[in-house]
Amino acid sequence: MIHILPLVFILLSSASCSFVQHGSVGGGNYSHYIINEPEAFTLKLYSFKGDADLYVSESIRYPTFELDEHSFQSVTCGVDSLFIDDSVSRPIYVGVYGHPNHALSNFVLELSSKSDSGRDKRRESLFLFGDSGPHTWVLNNIVYFTKMNGIEILNFLCETILDILSL
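All the letters of the sequence shown, read from the start, carry residue numbers -17 to -1, 1 to 150 under mature numbering (1 follows the signal peptide of the UniProt record, and there is no 0).
I should point out that these hints are in silico values taken from the structure, not numbers from a laboratory. A portion of the hints provided could be inaccurate.
Here are the simulated distance ranges between beta carbons [unchecked claim]:
#: 1; residue 1: Ile144; residue 2: Ser42; range: 31 to 37 Å
#: 2; residue 1: Ile17; residue 2: Lys97; range: 29 to 35 Å
#: 3; residue 1: Pro21; residue 2: Ser57; range: 28 to 34 Å
#: 4; residue 1: Gly9; residue 2: Glu52; range: 15 to 21 Å
Quantities reported herein were computed from a predicted structural model and do not represent experimental measurements. Even for Gly, the Cβ is constructed at its ideal location relative to N, Cα and C.
Could you put together the complete structure from these sequences and hints?
Right, here's the structure in full:
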């Protein structure tokens, strides 16, 4: 089952940016994402409850833990982290897998990249795919697909920012 969740953009400084996705995945299930970031970036997965694992593919739209269905993986019991350099073909397909030993895994998926602050470029880096929600949001040239309305988005943003600040 694929869930549509909101995306949050946080500007860390003029030379770096971070995209943060807060979500949950059931044991034995996946949440999938597409990343179109042209520059090198680091993808980190923080599991707060349960144990979520990270699988990435250059060619398979729905990467899994099967050896021939992902290009990169990070499957620790702590923070999972992958560095994807700019030589890896785009788009990048991401699967967040909920370990079956846990009924539910709560996670934060963070994409961090350093960018040339002198360039003005369109950023459409992190997207969810699956069933399209009734709302599409655009903020700072980033497209957000969600089933949440405006009030729900604001509440989620406040909760997520508080969660991040408490890290």
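A quick look at each hint next to the structure:
1. Checked against the hint of 31 to 37 Å, the pair Ile144 and Ser42 passes, with Cβ atoms roughly 35 Å apart.
2. Distance hint for Ile17 and Lys97: a CB-CB separation of about 21 Å, inconsistent with the stated range 29 to 35 Å.
3. At about 22 Å, the beta-carbon gap between Pro21 and Ser57 misses the expected band of 28 to 34 Å.
4. Look at Gly9 against Glu52: about 19 Å separates their beta carbons, and that is inside 15 to 21 Å.
Hint compliance for this structure: hints 2 and 3 are not met, and every other hint is.
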